[in-house]
Amino acid sequence: MQPIANRMLNYLQPQMYAKFTMLANQKGCVNLGQGFPNFPSPQMLRDALSEEAQTESLQYTMTSGHPKLLNSASKFFEQQIGCKVNVDKEIMVSSGAQAVLSCVMQGVLNPGDEVILFDPAFDLYRPMIEFQGAKHIGVPIIPKKLNNKQEIIKRYRNGKFQYSQDDDWELDFNYLEKVINKKTKLLLLNSPMNPIGKVFSTEEYNQLADILDKHPQVVVCEDAAYHHITFGKYQPFNYPRCITHPRLKDRTVCVTSAGKMYSATGLRIGFAVGNEEIIKGIKAAQTYHIFCLNPVIQTATARCLDQTIDGKYFQSVKNLYEEQANMLLKGLVESRLNMNYWVPQGGYFVVTDISEIQIPEKYFNDNGFRLTRDFAFAYYMINEFGVVCIPCSPYYENKALGQNYVRWAFCKTSETIQEAINRLK
Amino acid sequence: MQDNIIADRMAPYLQLQMYAKFTQLAVKNSCVNMGQGFPNFPPPQFLRQAIAEEALTETLQYTITAGHPRLLKAASEFFDKHMGVKVDIAKEIVASSGAQSVLACIFQALLNPNDEVICFDPAFDFYRPLIEFQGAKHVGVPLRPSQLNSKASILNRFENGKIKFSKEDEWHLDYDYLEQKLNDKTKMIIVNSPQNPIGKVFSVEELDRLAEILEKHPQVIVCEDAAYHHVVFGDYQPFSYPRCITHPKLKSKTVCVTSAGKMFSATGLRVGFAIGDEKYIKGIKSAQTYHNFCLNPILQTATAKCLEQTIDGQYFTEIRDLYEEQSTMLLKGLIESRLNLHCWVPQGGYFLVTDITDVEIPEKYFKDDQDGHQLTKDFAFAYYMANEIGVVCIPCSPYFENKELGSRFVRWAFCKTTETIQDACNRLK
Chain D
1 MQPIANRMLN
11 YLQPQMYAKF
21 TMLANQKGCV
31 NLGQGFPNFP
41 SPQMLRDALS
51 EEAQTESLQY
61 TMTSGHPKLL
71 NSASKFFEQQ
81 IGCKVNVDKE
91 IMVSSGAQAV
101 LSCVMQGVLN
111 PGDEVILFDP
121 AFDLYRPMIE
131 FQGAKHIGVP
141 IIPKKLNNKQ
151 EIIKRYRNGK
161 FQYSQDDDWE
171 LDFNYLEKVI
181 NKKTKLLLLN
191 SPMNPIGKVF
201 STEEYNQLAD
211 ILDKHPQVVV
221 CEDAAYHHIT
231 FGKYQPFNYP
241 RCITHPRLKD
251 RTVCVTSAGK
261 MYSATGLRIG
271 FAVGNEEIIK
281 GIKAAQTYHI
291 FCLNPVIQTA
301 TARCLDQTID
311 GKYFQSVKNL
321 YEEQANMLLK
331 GLVESRLNMN
341 YWVPQGGYFV
351 VTDISEIQIP
361 EKYFNDNGFR
371 LTRDFAFAYY
381 MINEFGVVCI
391 PCSPYYENKA
401 LGQNYVRWAF
411 CKTSETIQEA
421 INRLK
Chain R
1 MQDNIIADRM
11 APYLQLQMYA
21 KFTQLAVKNS
31 CVNMGQGFPN
41 FPPPQFLRQA
51 IAEEALTETL
61 QYTITAGHPR
71 LLKAASEFFD
81 KHMGVKVDIA
91 KEIVASSGAQ
101 SVLACIFQAL
111 LNPNDEVICF
121 DPAFDFYRPL
131 IEFQGAKHVG
141 VPLRPSQLNS
151 KASILNRFEN
161 GKIKFSKEDE
171 WHLDYDYLEQ
181 KLNDKTKMII
191 VNSPQNPIGK
201 VFSVEELDRL
211 AEILEKHPQV
221 IVCEDAAYHH
231 VVFGDYQPFS
241 YPRCITHPKL
251 KSKTVCVTSA
261 GKMFSATGLR
271 VGFAIGDEKY
281 IKGIKSAQTY
291 HNFCLNPILQ
301 TATAKCLEQT
311 IDGQYFTEIR
321 DLYEEQSTML
331 LKGLIESRLN
341 LHCWVPQGGY
351 FLVTDITDVE
361 IPEKYFKDDQ
371 DGHQLTKDFA
381 FAYYMANEIG
391 VVCIPCSPYF
401 ENKELGSRFV
411 RWAFCKTTET
421 IQDACNRLK
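Sequences listed follow chains D and R, in order. Everything in the first sequence is counted per the UniProt record's numbering, starting at 1 for the first residue and increasing by one. Everything in the second sequence is counted per the UniProt record's numbering, starting at 1 for the first residue and increasing by one.
Derived by calculation from the structure, the hints in this document are not laboratory data. Any given hint might turn out to be false.
Below, simulated DSSO-like cross-link-like pairs (lysine-lysine); rule was C-alpha separation at most 30 Å, straight line [to be verified]:
#1 R:Lys73 - R:Lys86
#2 R:Lys282 - D:Lys27
#3 D:Lys280 - R:Lys403
#4 R:Lys403 - D:Lys75
#5 R:Lys73 - R:Lys403
Quick look at which bits of chain D chain R covers, simulated, 3 or more residues with Cβ under 8 Å [unchecked claim]:
#6 87–101
#7 123–131
#8 278–292
#9 362–373
#10 394–401
Since this is a predicted model, take the numbers as computed values, not measurements. The beta carbon of each residue, even a glycine, is placed where N, CA and C say it ideally should be.
Put together the whole structure using the sequences plus the hints.
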């Protein structure tokens, strides 16, 4: 007799990132898979945690968040995002952006509701939607063109790849209009987008707002986990957002991650900011998830936000990530792998097209089960090149589309990236 | 933006949660807060020290969903030593963000819509929403006190300032009613021992009887909430009392939930555990993947250090003695109060419950001051206490399916300093 609930049956295997990290360790690979920095987290965070551990309360605190953290986060968002937040009603803290999203889904989705995702969409969204009995619909974002090595290297100047229209991934607005309907409750978008690094433009949001005007019941969930990492013309935090778009902000909940902001993915502090009604539902969900967060972690995070409110820290972090992005992209372009490329506008990752790669047949077979191309490629990389990347078909409803892409993380030290590049030469 | 943004399942739960509400009221009215179950004495310095040290050295990146290896190892060794349970670290244990989060993951992992869950009322009021969120149905099987004790009879039982649990303090489970309620759809039964709020510790005989009944319903999983397993009085030693997770006929069908935060008097810690058979833990880990993904590594290794440091159990013997003193102090104060309460001696936990049937409450407190709706007697009593006596307690009807039964009881927390308890007792004289 099998005791596990039906909703979990598809999700009992080790989750993809954990699985590939384990493989990386087992086989001595360079791990460009899971999106965590392998350079040290800032000392200010460690010091803050250490000091608060000695003095801050260790008892239950408010479900919505420690007052200090809510205040610091609100001030920070006002300064850096230009978004005024009512501390009592329009913000909540949870255990990482992951837990925030989980609370959003529980707080907002009824069984039978539909959620629109822009594929490639972070693969943890879909299960959370299913767990609430809701249905996810993938609207693909498609690259304008494939850029081969010769084409993309032309845009490499002074150590950087210049972003151009050739790197655009475009949303099919017609398809979006077709699939959005009365049952659509939530539209989930991620900007900068994991894995492709797309930053949505104002024009795209205007078009989105036009469409959503016809569907007033749709809530926008804006996943801004990478909002501090934007390249080229964009500054940290300063790029087009739903939470500040005049026609989208009142229906938006914006999700951010202090852990990502401070290069400490294990911190487990994230925020939801937005419409009071949405936040009310999210707070109720949180009450019965984790009840409240650890106060020490919260006040330490508050201190870091206070200390970095002038944004200088994030300038230097963004510059670092931009260098790493360029280093990795160059290495991938110069590798012996015949891939197609795009310059990312932000985030932690670069995606490449692998449709022209010759992958040995054996990697398509996993215990008699036929793998998609991206998984075959990932195992090929692990076993013969010693570099881990992440297959992108889990990010897509349309697996035939998604299987042409893999994701590479550049949130790594120069040493790590160089080592990967050497193995790919 | 439309109305009804919020999902239907959340609609009954949008108001400020009861404990937070009463804590706010306590602060506002400068009451002595005997409501929410958090200690107001300092947590151990070794915990603060551990967090402070680990903060400087432990990784700050993602760790394993199931829990940091060091924590799983330390917890397993601790449970082996103190509970007599051998745990396979790779398969039979998972850490989550407090016992609360563990329970949320258990219900998500194991309950299908329309499954039924049996709760022994008075049942911690968080279970029911968690069950509903999975589309399942909760069924309350009440425990009832064997008798109402007069103040005199309790006072008589004091010897050298101490009082022992006796038959007169027992709350009994109606096994016939339980058998009636069990059916093919029953998926889970929640056993909280020591039980919040009444402090009941289930006996071996009771667990034997439960085991017999459950043999006829092999699909039923036992969710054993042992959040207070370190706080057991009288002849029981910390961690050492009858458990489902060690009962020969129940262990293979039990998931046992514990709380490091409660163990170390640091309810804000947010580290809890589930242990049990791999077939359950597997699902719980998956649920956790999509809730929190993983816990903060520093909190985990710090907790591991504390478990390692206290594995000889001495710390818990001292803590238990402290809580037992506080419970006696509070009990005495309630007996000597001017309120005509009926009391029972608890066997463990953080709380004691009193029957308020014979207390006169001014009529005005039966009306909610926000919207005027009629309140049950326990809520009326709680507001009466908060407004006129200056002591906060928790109404127990939310712990019962049968509100009429539950409205006879209120809960008082004794996980408080002597000063706090004395202050409360003075105000109640």
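Now for the hints, and whether the structure bears them out:
no. : hint                : result
1   : R:Lys73 - R:Lys86   : 11 Å, holds
2   : R:Lys282 - D:Lys27  : 25 Å, holds
3   : D:Lys280 - R:Lys403 : 27 Å, holds
4   : R:Lys403 - D:Lys75  : 45 Å, violated
5   : R:Lys73 - R:Lys403  : 43 Å, violated
6   : 87–101              : holds (count 4)
7   : 123–131             : holds (count 4)
8   : 278–292             : holds (count 11)
9   : 362–373             : violated (count 0)
10  : 394–401             : violated (count 0)
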